[in-house]
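Asks: Okay, here's what each chain looks like letter by letter:
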Amino acid sequence: MAGPVLEAKNLVKHFPVKRGLLSREVAVVRAVDDISFSIDPGKTLGVVGESGCGKTTTAKMVLMLERPTGGIMRFEGQDLQALDGGSLRAYRRSVQAVFQDPYASLNPRMRVGSIIVEPLVTNESLASAEVRKRLLRLLDLVGLPERAADLFPHEFSGGQRQRIAIARALSLSPKVIVLDEPVSALDVSIRAQILNLLRDLQAQLGVSYLFIAHDLAAVAHMSHTIAVMYLGKIVEIGPAEIVAKSPKHPYTQALFSAALPSHPDERRDEIILAGEVPSPLAPPAGCRFHPRCPHALPRCSSEEPKLLSESGRLVACHLYPK
Amino acid sequence: MNGTAANSRSVSTVLALPSRLAFIRSEGFPLIPSLILLMITLVAILAPVLAPHNPEVGVLGDRFRPPAWQTGGTTDHLLGTDHLGRDVLSRLIFGSRISVVVGLMVIIVAGAVGTALGIISGYLGRWVDQVIMRVTDAWLALPALMLAIFLAAIVGPGISNIIIILAAVWWTRYARVIRGEVLSIRERDFVRLAVVAGCSKWKIMRMHILPNVINSAIVLATLQLGQVIIAEAGLSFLGVGVPPPLPAWGLMLADGKKGLMAGYWWLTVLPGGCIMLMVLSANLLGDWLRVKFDPQLRQL
Amino acid sequence: MTGPLLDIRRLSTHYVSARGTRVTRAVDDVTLSLDQGQTLGIVGESGSGKTTLALTLLRMLPPAARIVSGEMLFEGSDLIKKPENEMRRIRGKRIAMILQDPMMSLNPLFTVGDQVAEPIRVHEGTPRRSAWKRATELLKAVRIAAPETRVGEYPHQLSGGMRQRIVGAIAISCEPRILIADEPTTSLDVTIQAQYLNLLRDLQRSHNLALIFITHNLGIVAKMCDQVAVMYAGRMVEAGPVKQIYNAPAHPYTRALLESIPRLGDNRQRLTAIDGQPPDPSAPPPGCAFHPRCPKVMDRCRSEAPPEFRVTDTQTSRCWLSAPAAR
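Chains as they are written, first to last, in our numbering: chain A, 2 to 323; chain B, 722 to 1021; chain C, 4 to 330.
No lab work stands behind these hints: they were computed from the structure.
Be a bit skeptical, because a hint or two may be false.
Using C-beta positions, here's what the derived DEER-type ranges look like [said to hold, decoys possible]: (1) C/R305 <-> B/I753: 43 to 51 Å; (2) C/Y157 <-> B/I753: 26 to 34 Å; (3) A/E242 <-> C/R91: 52 to 60 Å; (4) A/P240 <-> B/L845: 39 to 47 Å.
Derived EDC-like pairs: lysine to aspartate or glutamate, alpha-carbon spacing no greater than 16 Å straight-line [to be verified]: (5) C/K246 <-> A/D266; (6) A/K44 <-> A/D85; (7) B/K924 <-> A/E125; (8) C/K246 <-> A/E311; (9) C/K136 <-> C/D117; (10) C/K143 <-> C/D205; (11) A/K246 <-> A/E311; (12) A/K246 <-> C/D269; (13) A/K249 <-> A/E311; (14) A/K10 <-> A/D35; (15) C/K136 <-> C/E121; (16) C/K246 <-> C/D229.
With the C-beta cut set under 7 Å, the calculated list includes, among others, these residues of chain B facing chain A [unchecked claim]: (17) V917; (18) G919; (19) H929; (20) P932.
The beta carbon of each residue, even a glycine, is placed where N, CA and C say it ideally should be.
The following block holds chain A by itself, in its conformation from the complex (with noise of 0.2 Å):
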């Protein structure tokens, strides 16, 4: 099937904030203002964007957690705002997710085999010597011995639960899993066995993922593209590369500026941002990032800059095209 796997065009999702006896609307919330993206089977598209961005609703849209507020989002060409019921919980099946925590993510009162095939059982009605032999696959494909099928959550290690968490995800065979913070909860020494595993999964079986994450080089490492928000909106977005190696949009700029180095000779030209991110409650007008840009040019506080192309990335700046 060519053409992406999952789109989104112009999505927005406001929260309401209520006051009062009869729960008055006095304020409105935007936590994602009007963003597209596209994500394409078998490959990764990358959020990063620090508190308040959005990131975290735009992940519980996608898994039809939240309904959006506006916006188009198109699953294999399908209009998802005309789903419900049936055809909703078909959607259920193909977007599967993984969280951040390993505690959290798993009912401490099930054994890890019901765990891992509640989905499967929940939407297909298989014969139980069927739902057997995949989940041993499953426990197979994320590195799991089969008596782990017996045991409860408590028995396993952080890491190990993730695995669990994954398997889970799988269980359905989904085309796009959200994976929201997957190893921050993790030890450091076993995250580089959970994204290499997620990465031979997504070869293994052409899964694509919506990855967020803070740590932007596990990010940068995992991604085929990259997509930077701030305040609900995207600023950058385009090939994992580009936007990691040469960051065009001043946001994105001192995002990666400020990653911490891998090596003490690492140098990197610091861009500290004055002040602190605005509240969604009432972002800045025009670009929602010039009361701290360095680069601030008068039209910027009056007028909203649009994502256009610019050396093979679109980014939302009026410093560009130059």
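Please arrange chains B and C on chain A, whose structure you already have, making use of the hints.
Replies: Relative to chain A, chains B and C alone:
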């Protein structure tokens, strides 16, 4: 009560406990209270075998016999007789049946109903939550014992009536506590992932929420056991509980009350002591359970 | 002053379970030293003992823990031998500590000013008004905008980055000699983290502090530290100058760790992962604790725990591969 580590250690050196029962060795396990409850339950089950006399029929000529170790007592009636000549020991033994049955049944029924409503209310939220909670609030505002007396006066005496009435009064405590737990469990990642997997709301409540609140329900039930037994004893004492000649401990207290001034202490102290023993043991066990389960629950 | 500011020799801290049946060697025979103005990074994963080491330093261990052996010389005198009232004068005043979660470190019921002024008032007996003035100056020193207003606000009114700076202000309020930072930036965003680390470095220079970073993040060590000590299962497996260790790690664990971390600008090749997981500190493997995961394991490693060997005059490694005959 001596449910201490010292006792646990002596038990564990004598018995090699299978791993399921290993918790008995844990710190502070209330061994004696648990044994007392176990004993009371066994007595209740084996009552017809254990009781030396018929608890409901007495020989009038034999009234007010004191316990065997006092002057005037006989070994035929080890704990004496009451105002109708009935054997106190036999009545205590059969009375345990009523306490055990009523106690267990009430906490099971109230627990089941209350937990179910708590889960539904907590998980579904919105208007369902509002309705159930307002009903619970209204119900809780009524004083439990008074409500029980009122209902008993309407419905009439009888064991099954008592059970229904007490359960109807007590379910609200469960609903509240369980709902609170559900509100926090609902936000856990594994519940979100169940939604992502396509599970229906009912499946989530059954497979994910319920098993994770059952510990709280059990702790609550054990702590409530004492209250329920006292309530049943109170109702029987007031004459609106178990009807005579059934040997409920509360009823024995009521009957024995008249004899206090005359010095017939065994007619009140003994049934009162049984009530106290059972309630205290249940409370100690419940307390230990609460402490034991709490840290695990926080880890959820 | 002659000699190191902090000299820890063969320190061991054990946790004993309630019944006395299980002993966890949280810190096992650790030796390290810190000079004035230096920055030391203590690196380790969960179960490595790094936090226990920090708590031992400040003698803030829970009741189940016991300092079993060794000495901790601070400015020449052994902290282990000091009575509690003397330790209280040292904590906060001469040795300060910053913890990971600023929300947990700050009392939500007291104003920022009250909390920053507290150590000043406790240790120096300063009256409230002048302590508040000092607090405002401290907020300026940690680069909080409009400190005069902020000083009267409550923690919940501030952002995460600002709260962590407040915590920093509290820590330096009495001009300590050593500042221990236990994972101070884990909860912070990337750009805020950069600001904060730069702040710590500037504070170090202006106040002539010695800094100890306790972290699992090798990036912080690369950026901030002069010296590094790597801990694994309670033991210090490698120590030395940061550049030397990053260029030529002697211990297989250090090397494997450095190789397993994704690097910005690498060719997105497969990472070199370490098999297995960090051991349970209460039941470490016999011999060298790393042996089940070590790519260079030898028979000896399985039964004999290696002592510390000198690799160069500044670098030590606890590995049989670093034994003089082997090299």
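Asks: Taking the hints in turn, state whether each one holds.
Replies: Against the structure, the hints come out as follows:
no.	hint	verdict
1	C/R305 <-> B/I753: 43 to 51 Å	holds, 49 Å
2	C/Y157 <-> B/I753: 26 to 34 Å	violated, 50 Å
3	A/E242 <-> C/R91: 52 to 60 Å	holds, 55 Å
4	A/P240 <-> B/L845: 39 to 47 Å	holds, 46 Å
5	C/K246 <-> A/D266	holds, 8 Å
6	A/K44 <-> A/D85	violated, 28 Å
7	B/K924 <-> A/E125	holds, 15 Å
8	C/K246 <-> A/E311	violated, 38 Å
9	C/K136 <-> C/D117	holds, 11 Å
10	C/K143 <-> C/D205	holds, 13 Å
11	A/K246 <-> A/E311	holds, 14 Å
12	A/K246 <-> C/D269	holds, 10 Å
13	A/K249 <-> A/E311	holds, 8 Å
14	A/K10 <-> A/D35	holds, 8 Å
15	C/K136 <-> C/E121	holds, 12 Å
16	C/K246 <-> C/D229	holds, 8 Å
17	V917	holds, 5 Å
18	G919	holds, 4 Å
19	H929	holds, 5 Å
20	P932	holds, 4 Å
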